[in-house]
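K.L.:
If you want the building blocks of each chain, they are given just below.
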Amino acid sequence: MENNKVWNSLKRDRINRIKAAIPYVEIGKVVSADNAVSLLETVIKPYDKVNIEGDNQKQADFLSECLCQVNRDRVHDLHIVQSSIALSSHLDVFEKRIARKMDYSFSGPQAGRMASMIKEGKIELGAIHTYLELYGRYFIDLTPRVALVAGMQADRNGNLYTGFNTEDTPVIVEATKFKQGIVIAQVNEIVDQLPRVDIPGDWVDFVIESPRPFYVEPLFTRDPALITDVQVLRAMMAIKGIYAEYGVQRLNHGVGFDTAAIELLLPTYGEELGLKGKICSYFGLNPHPTMIPAIESGWVQNIHCFGGENGMENYIRERSDIFFVGPDDSLRSNRAFTQIAGHYALDMFVGGTLQIDKYGNSSTATESRVAGFGGAPNMGCDPRGRRHASGSWLKCGSENGIQSQLTGDLPRGKKLVVQIQETFREKMAPGFVEKLDAWELAETAKMELPPVMIYGDDLTHIVTEEGIAYVHKAESLAERMAAIRAIAGYTEIGMEEKPEETKELRRKGIVKTPEDLDIDVTKANRNMLAAKSVRDLVKWSGGLYNPPARFRNW
Amino acid sequence: MALHEISFMFHAEGETDIFPREWSHTGVVGSGDLEVLMKQADLSGGVQVKIVTPVTGFDHVWEKVLDKFVRETNLGDLIIEINDNNSTPFIVSMRLKQALIEAKEGIG
Chain G
1 MENNKVWNSL KRDRINRIKA AIPYVEIGKV VSADNAVSLL ETVIKPYDKV
51 NIEGDNQKQA DFLSECLCQV NRDRVHDLHI VQSSIALSSH LDVFEKRIAR
101 KMDYSFSGPQ AGRMASMIKE GKIELGAIHT YLELYGRYFI DLTPRVALVA
151 GMQADRNGNL YTGFNTEDTP VIVEATKFKQ GIVIAQVNEI VDQLPRVDIP
201 GDWVDFVIES PRPFYVEPLF TRDPALITDV QVLRAMMAIK GIYAEYGVQR
251 LNHGVGFDTA AIELLLPTYG EELGLKGKIC SYFGLNPHPT MIPAIESGWV
301 QNIHCFGGEN GMENYIRERS DIFFVGPDDS LRSNRAFTQI AGHYALDMFV
351 GGTLQIDKYG NSSTATESRV AGFGGAPNMG CDPRGRRHAS GSWLKCGSEN
401 GIQSQLTGDL PRGKKLVVQI QETFREKMAP GFVEKLDAWE LAETAKMELP
451 PVMIYGDDLT HIVTEEGIAY VHKAESLAER MAAIRAIAGY TEIGMEEKPE
501 ETKELRRKGI VKTPEDLDID VTKANRNMLA AKSVRDLVKW SGGLYNPPAR
551 FRNW
Chain D
555 MALHEISFMF HAEGETDIFP REWSHTGVVG SGDLEVLMKQ ADLSGGVQVK
605 IVTPVTGFDH VWEKVLDKFV RETNLGDLII EINDNNSTPF IVSMRLKQAL
655 IEAKEGIG
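Chains as they are written, first to last, in this note's numbering: chain G, 1 to 554; chain D, 555 to 662.
Note that these hints are calculated values from the structure, not bench results.
Since the structure is predicted, the reported quantities are computational estimates derived from the model, not experimental observations.
Virtual Cβ for every residue (Gly too), placed ideally from N, Cα, C.
All the given hints hold, so there is nothing to weed out.
If you only want the chain D side, here are some residues facing chain G, beta carbon under 10 Å, derived: (1) Asp587; (2) Val609; (3) Lys618; (4) Val619; (5) Asn640; (6) Pro643; (7) Phe644; (8) Met648; (9) Lys651; (10) Leu654.
Here are some chain G residues the structure puts well away from chain D; computed CB gaps all over 10 Å: (11) Ala20; (12) Gly136; (13) Phe324.
Computed from the model, here is a short list of chain G residues facing chain D with C-beta under 10 Å: (14) Thr228; (15) Thr423; (16) Gly489; (17) Thr522; (18) Ala524.
Just need the whole structure built from these sequences, with the hints factored in.
P.N.:
This is the structure in structure tokens:
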């Protein structure tokens, strides 16, 4: 045994850093916004791993801007670990050479600038993760030394109310605090009494009242007025050919107009098919406003949310049988738990993508944008660790064309992973391609492998206007490719379709056309939607839904 | 935006479904993505198609979509005019089918 070995150096370091910051503390744990930059210069050291809370929606934007203003002689070579790169300040900190290395998940709005900064050597990219992978690494080898988080309110003792937009805060704070790290929170206001405590005060070291409320993006609102007839058609096909066929009760919808169309067809077309109570009872889902008509019509038993959505606060408050709310009646979202549900508690993921290749691999990456993954791959995969059974999971597994070649006579279930794809998007961009743009991006950004959102072997169904390919039923890669060609329309992939082959696939039920599903394409029409505008959604909600200004077009 | 004009001539295989004379139809104008005009003409059983579109480089796709439509419907002695506003191939075939249904209802 080494007697002189120090076993609590992290704790000693933390105490020293906090002591040095005492001059900036006004009362309790409160530091004034004017001293925020000085506080960061004091508690952050060169080469620290720093987490700037950047969620899918809520952003610690004030602290992120302050970090860009620190003295580079004191703070440099930081390793940023954070889930979402959403704001320009998230990259400015690299431009100013305060930070050097980055591990992250998702960078939608900053994807273009990020690609060029990686190319110019301004960002040393560690890896691009799914949310759960990154959260996992927070507890293993990417533990933040300092976390800069965002809350709605705090009291003087550091208790935080993160409320509606809790999202990633619990996982970040837990990883940081319990490994002797430092947690600094920006809040919209400091109050005497919180509605509820989401993060206990002794896990938080400093709180700062931000000069303005944190930035939140309404990411999940889709205006029903913009849903097209063809989206209605694909939604009808999905409901009849997949939801009803497998009796799917527990599911997740990605963001997009196709899934919004499905949500709005449940009270009309779904009701007509007698599916109420038989499908779509339980969701892991953001609070999509387009779910309101289905909820109001009694379709839904339960929704657990990754994050919040602007305008849904009052509606959720009044629907606590459906949503998870605190003792104060406001939503508690928690991204980590919904992502876990995506893996192990849900039977189906339904989403859309930009490109699907001839093998069924899909990606949203393009050559000039490093957008990352977010949570879609956590939802859109077949979790190999699942052991409990359900009807739809067993049925999908029993149809798996290659299962017997892998496990012999042993039955195994399979999660339904569904992509709804338009064969051509606007400007005639093909939805099916010979080779994914992700290959080119991997080369440009020096990535170890092309960023694939959903792998072909996880994918079970593709829905296009031309038909549904039940790709998991294929007994070989060649057969899967033929099924994809059969529904790829007039894209280059689809033009290679062989009528005889498609006929055989239809006979085997690996491909179903709208005709096979007894759906008349000429009847697909927007008029079937339960709500045709944002105003209709407000009406359905009895005035409880309060859409953001930009969606109020009446 | 410069508009691009394409013309094709098709012949259905076998027996053609020819409309009564003195007939014309303007279909699905309100959809916002495509306007279809159909009118009867003596073309020895052929179908003449004229397309006006802002999109270039997809003439072969138009040809495939329309050829399939004519083969599936067995139409003959018809002029089809399409004014396109950036429709995808599937929308084109869907709007053509809808226009035909409306046309037949109009005659019947």
